[in-house]
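Two independent chains are provided; combine them into the complex using the hints.
Going down the list, the sequences are from chains A and B. With this note's numbering applied, the first sequence corresponds to residues 1 to 266, in that order. With this note's numbering applied, the second sequence corresponds to residues 1001 to 1396, in that order.
Since the hints were made in silico from the structure, they are not lab data. None of these values were measured; they are calculated from a predicted model. Idealized CB from N, CA, C, for every residue including glycine. Be a bit skeptical, because a hint or two may be false.
Among chain A residues calculated to face chain B with C-beta under 10 Å, some are [said to hold, decoys possible]:
id : residue
1  : D39
2  : G194
3  : I205
4  : D257
What follows is each chain in one-letter form.
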Amino acid sequence: MSVHKYTDKVMDHFRNPRNVGSIENPDGYGKVGNPVCGDLMEIFIKVGKNDKGEDIIDDIKFRTFGCGSAVSTSSMVTEMAKGMTLDEAYNITRSDVADELDGLPPIKMHCSNLAADALKAAINNYREGTKPEVEIVTSCQLEVRVILGVDEFKGKGVYLEIPDLEQLREKRTLIVDTGDNSLELALKLTEYTGRVIVVTSAKEIPGTIEIAKKLKQSDVKILQQSELNEIKGELNEVEKVVIHDFDEDENYELFVDAIIILDYRG
Amino acid sequence: MRVYLDYQAAKPVDPRVFEAMKPYFTKEFGNPSSLHNYGYNATNSLEEARLKIAEFINAPSSDNIIFTSGATESNNLGIIGAAIRNRRKGNHIIISEIEHISILNIGKYLEREGYRVSRVPVDRFGIINLGKLERLISDETILISISTASNEIGSLQPVEEIAELTQKKSIWFHSDAVASESTIPIDVQRVPFDLLTLSSNDIYGPKGVGALYLKKGVRVNPVIIGGGQENGMRSGSENMPGIIGFAKAAEIMKAEINEEAARLKILRDKLIREVLKIPKSYLNGHPEKRTPHNANFRFDYIEGESLLLSLKDEKLEVATGSACSSKTLEPSHTLISCGLLHEEAHGSLLLTLGRFTTEEDINKIIEVLPGIVRKLRILSPLTPSDLLKKLKEEDK
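Chain B extracted, bound-state conformation (with noise of 0.2 Å):
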């Protein structure tokens, strides 16, 4: 059996939703914009799926939810879309230093079409400084957006303190919650955020759908123009398996979020524990302020794609935020953003744990892990000949 830590990278469906979904590809096949019988039920099904995202994230309307292809491109309608509504208000946007690599490139686009775009830094743990962040605020600022959690380390940012902030100046507060969505229960009247993106396989919906919650009185301009569906802030004919595994998905998600939440605390908590006992391990990120699913840890003098295949090797499936195993050749940027050195980024692990991880899969990892580490270290010109010793003593 292979062992699967990579829950942050993609999700299996669970089967509870796969069976919800399959009907829609064959006998209820019909288009919401049509109106006959097909066209009708589709109508029906497709309000009452947008009915349990709201549900899900307890939005107080269905009207305020808007289904799009995933988190990326809700993150592009939220932004974008954000953003030439406002042009006249203002031309300034906040978003983080961490923020995942599509808000970070949407920051980017913004840049070369006129827009000003400000990056708050984080601290060492990943959080990003509030203080900095009401700092960079000027008149011209029409939008923060800041995710709920970090994909990477799973620091937890202040939501509560950024709505409260951005609420007072009347800034729109735009959020990924896509890190957090799995674990972390949602309560958008709770913590008042205008735009929220959302993602179906990170609660175990198929992949390829979305959502991105507005709050009333908000609207974007829409990225993708068409037929007028959604509102006509997203159109192209609704996706319609997608969107009611992505609502079944969430139903299941509400109803079991803090018993399995709990689950995975406990495991996470013990595979930290029992990794930090090897010599000159680290734990990337927030020791308590983080997503309860995610542990990210570097070992110096070793590199993280090695440490991957060496571990693939071991029927372990794993992540790292090394270069090498990036189509960019460069080093995670959030862990630079910490304040890490390129080497350091370079030896990272980031283990994601989900819904089907069991205390096998962690008992698994901790027993190889550290001789893995001692074999790449052997191997590493960058381990002092002190602990070079030591670890070829341990070898033998």
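Extracted from the complex, chain A is given alone in its bound form (with noise of 0.2 Å):
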């Protein structure tokens, strides 16, 4: 669907979002969406009582990544919710935003329009007190399990041992985190290549603080919360891998030239 078939409305929501950014401590979160599928939501909100003693959304927040009709959602949700009791709120449903917004276009409205899904994982969240984000253990704890294609790829492409840099010149090189020796290759490794990818369980940027830090301002791309499933390639080449993603438990296909795994014990 075109961009411009957009209404008046989500144009005006986009281009001037209400509510936009985070609470701190909020009294419950949701966040739905998925950034590989192009859009991810948050909603933060804060909870109090109206005169009749039933709780009510007295602040709302949100942050979204996403298209034109993604950002148009999240605003409009907030908009609608902020006052209502917390049952009032739970009902919106996807198609009451879009009803709010004039209409969305039909290719749109599964795909960008989870803002009501994001308030109602906010609303679980406050009410059931469950924890929105489960936590994965640090990477320093983790051993590498088996990940197919190993054997077959080693030394075309693979490296199990610290390999001749030069060799990797502008080549896209997977490093898959086994502590803080891999994360200094992965830093070394950028005055190689633009392009060096860690792959880490780790819910945080890993490593010592040092190094951490040094990596968030690197560009090394780190894909956190994931793990390296399976080695790809046609004629006993590496071509891509399989990366395993915890947070969304879904697996999806990366190109890359070049794999390094430092104590694999597959």
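Here it is, written out as structure tokens:
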């Protein structure tokens, strides 16, 4: 669907989104979507009471990574929900949001109209007191599990020891986080190639405080809460890898030229 | 004034081309197949036009040029026509991972028809792996189709080396030249393509017309069957105004291409230099081996369609590799093949310059882009907290 099919109201909320930001110590927090699909929304709520003593949404904020309709629907749902009782807010549907915006292009109805779901997630989080996100072990405690294809591609793009870095000049190189050695290697490798990717099961940027700080400032791409599942290629040469994302519980493929796994015990 | 920076998608017809076409709608309306005077004049004009297209690519003879309805048809005729014609010699075809969608889908079609299709991978700059291409070749290989350049990231492919390889192995080499047609001269005697796809609109001619060049001795089976026009390889009455316009566009392009490419490269280089000053911004494709009019960026933490809409509000018309602006909701296959993650591919911004792009246009985008990127990053949950803090301070 072409972009110019958006209504004036959608464009108004896109241009001037309401309630952007986050709330420190929110009473409820919801996160839906998936940046891999192109949409990710977070909603933060502060809960208060009305004169009847019912729970109401006192304050609400959002942040969104996504297309025009993703931003607009997030903005609209926060505007609608502010001041509502939790029950009322919980009953807001995707089509209510779309209706308030005078409609969305059909192709956008499902892919980027997740705002009502994010609000529900935030209310559930408040009511059930569940942690909105699940902690995952940090990388240092982790052993590398069996990765399909390591034996097949060893020496043909897969390195189990630190290779001559000159060989990796301008190669898309994936490094499995097996501790600080591997992370220091990743930093070093940025002098040789513009594309270094670290796959780590950690939820935050991994490594000691110093390494993590350097990683943040570097162009190393870090795939958090993820693991390397499989290495693939034709004619005995590495072409791509399958990455498993714990957070989204899904697999995706990534084109690479080389893979480094130090301390592989598969 | 709106600034247009999407020349790869569509180009305006050059006013000189439009003038040349006009008589062919009302006065010179003849059909070249007719034997009366109108038909005779049309035949003359058609053959003059064919010669101009041959001259544009330095083909030895106009016999090598077949007019089609555009690049997609030329790709269909070139690849499917060659595949059917050589079916008895072999059933293996090689394309690349980053071909234009028409060629990728032709590949899928031929697979359903029983052909084997290999896709050669590209490096992180979007340039094909030549060694891998050579290793993919088998006794069954009849055709290799690799574009001269990527239409999205501008990466120039090693066509001379590919041609050398295909000549040595007696395999036909087809190339879609559309993405480089307006800025890089084509010389089919220097690079011996067997088949070459050309588009009229990509050199400021009208839409709906293109050509397929065939080297002497190369013939394809037709995909459009009818009255046997175009040497039996492409039936249907010729689109005379379109063909005349295409030929005029080729004539102008041949005369001006070097000067124009040099001018665009200066503007494009300035654009790249300035845009990359934005933190966490990257150039997609190769820093040097790219068409001089192409710039393709990505910005961490933001999505391409939002960027496109925000730029549109500032009267800047651009393109993105984001899924949200495509019909399939899939991100750009080209960027994914270069090794980008989906969320990175979603954040791409494609800027293509052309004949009517001015320095003011470039200054305008350089001026507004940093603010828009900042605004969208403040909005995004992917922006890390320390960067967010800094952006909010800048925004005040």
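*Which of the listed hints are not met by the structure?*
Every hint satisfied by this model.
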